[in-house]
Amino acid sequence: MAYNLKEVVNKKIRFTSGHRMCAGCGAPPAVKTILLAVKPEDEVVVTSATGCLEVSSCIYPYTSWKDASFIHSAFENAGATCSGVEAAYNALKRKGKISKTTKFIAFGGDGGTYDIGLQSLSGAMERGHDMVYVCYDNGAYMNTGTQRSSATPHYADTTTAPAGKVVAGKAQQRKDLTEIMVKHNIPYVAQTAMYGNFKDIYEKAEKAIYTEGPAFLNTLAPCPRGWGYDPKDLILIEKLAVETCFWPLYEVVNGVYKVNYKPAKKLPVEEFLRPQKRFKHLFKEGNEWMIEEIQKEVDKKWEYLLAMEELTNKEG
Amino acid sequence: MSIKERLSGNEAVAYAMKQINPDVVPVYPITPSTEIPQYFSSFVANGTVDTEFVPVESEHSAMSAAIGASAAGARVMSATSSQGLALMYEMLYIASGMRLPIVLTCVNRAISAPINIHNDHSDSMGARDCGFIQLYCETNQEAYDNIIMAVKIAELAKLPVMVCYDGFITSHSVENIELLEDEKVKAFVGEYTPEHYLLNPDEHVSMGPLDLQNYFFEHRKQLADAMTNAKEIIAKVSKEFGDISGRYYDAFESYKLDDAEYGLVVLNSTAGTAKTVVDKLRDKGIKVGLLKPRMFRPMPHKELAESLKHLEAVAVMDKADSVNAMSGPVYTELVTALHKHDVHIPVSNYIYGLGGRDVKATDIEKVFRDILAAKDNKENLNGTFYLGVRE
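The listed protein sequences correspond, in order, to chains A and E. First residue of the first sequence: -11, per the numbering used here; consecutive thereafter. First residue of the second sequence: 6, per the numbering used here; consecutive thereafter.
One chain only, chain A, in its complex shape (with noise of 0.2 Å):
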């Protein structure tokens, strides 16, 4: 059935407004559409590592998952902690002690994904708990001030690798997390954001929860405190990261790779770059050099993800 955003907004709405994160912000929509594409007559568990969505969607009495059921305990285990629910299931369900079908859905910012918590969602993935685990990546931990993570780009401005007179933000390049969990081999990788009326996330949200095992989903979510945009930019900022290709959206399924976007005219990085303040001393006159640097390392992603797809493509 083709994709049809109105009737997709009116599905069961399992994470509802009130909660406390900041407008602009990228994850509460990611959150939401994910969640709508469980399908209305299943249960979902979500599982979040602590971070700004945790902290914002259920702070006692209150709670903004509703017909989910919700748990987060601590920042490195969301995966682990997941794991553990979807084995209860499994256990229960093998005892007869429950009969409706559950999915399992594990939120994570980057700084409990790419760096805490990698050990837990590598572990989760390898034993192939049916399960998905999404990383709203927003490249910083946003929720304690924007301190650099291994997700931060390459260059950016955080109040951990300030740009100052002698360094100029953040020294490394990003880590590759999306290929990292390819490399589990696990049946169902994406890399998405919230790009052509949220048609390539809520698919690939589809496909990784109906995936029979672990899936991992990557969402580009932007934050308007640590990246310095106008909050009513949050799309705008998400298209510009496609239109670059400096967050392509793809996806590896049982090892195939597939680019979901191929830009017909592939805007320069800068495009990308400009409208955000963590950027800003990248554009002083004799910083050109950095900006050429994160071309080149987009483009090497880019030419490397259309080698990938052409060479798993040919093996099928």
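Below, a list of computed lysine to aspartate or glutamate pairs in the EDC-like style, where the Cα atoms sit at most 16 Å apart:
(1) A/Lys85 - E/Glu200
(2) A/Lys81 - E/Asp55
(3) A/Lys85 - E/Asp207
(4) A/Lys195 - A/Asp118
(5) A/Lys54 - E/Glu208
(6) A/Lys81 - E/Glu196
(7) A/Lys85 - E/Asp55
(8) A/Lys85 - E/Glu196
(9) A/Lys83 - E/Glu196
(10) E/Lys289 - E/Glu266
(11) E/Lys285 - E/Glu370
(12) A/Lys54 - E/Asp207
Over 12 Å on every C-beta distance to chain A, these chain E residues come out as not near it, computed from the model:
(13) Lys9
(14) Ala50
(15) Ala118
(16) Thr233
(17) Glu266
(18) His306
(19) Pro351
(20) Lys380
(21) Asn387
Because the hints were derived from the structure by calculation, they are not lab data. From a predicted model like this one, the values you see are computed outputs, not experimental measurements. We put the beta carbon where it would ideally sit given N, CA and C, even for glycine.
With the hints as your guide, set chain E onto chain A.
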């Protein structure tokens, strides 16, 4: 009819777990508890249990998965030792704070550094304030019995339980043991019916919220109350267990203590050695006795004070050091208990056996002789000594 067997402590615990048939066992190997997941995974592989066995990638994830599974409504058990318990530390507090009845076996082993695989109690003593009920075991029989009782205690108290016994000494030594029939264990532990759980088809729940100034303190007080209330629950479950097994357990075991003049307080396997020393000294007409705590959390402070108040002096043996320039953990807590109930007798502290240093009957006899001789030297009586250490 009970079954007479010869099992190691770890075998006995794995056997009890087989009989309990928990829903989920997330576990990670670490010496000297490793045999538990080994034995248990063979039960899983052979279909003698229908447990979901989750061989996680770390102890942190073991306790995290245990929390997820328990919150989801499953009966959950795990096992660890030493560094493994230390790595779980963060999650231990979360298990109790979320009021999840997880049963964890802690096969006691020294904590690094330096690294050492042998027995002392620095692992579980380091976790004494994490909100777990702690039960300590002298023998394989006690380990087996306490594990079975722990399931019921945890679920009634809505608190996690840690069952502790000595690495290698108890975990790997084979002793005669009496096992209960499978049906008896099954009937004793019954079905787990949680009140609120993630997979409840009739309600949705949110667990683990951000809990701010307005509520956090009340929730922690509820946890404190649960621990206080656990005393009665443990007594009740222990009585029920006694009725089916013939083995009755109290908060602590008193050995020839009633008419004693001098007493020794010691946990776990060393209590066995200490009993022979008590017998030997008694044969010589010296009135000594022993108190072996089973329940360390909750602390049976009133009962302890009541049982020790008639003594001339007490020695507390600690197989862990608090590194606080004062005393070991059991000593600190025992003295607090005595003071709380207005019992003012001399109490000395012996740190012993760290890293598995052998403790012989002669060492324990020395402790008794010390407190007997120190009658006229009260200063010595309240001291802290490192038993048998080379200076």
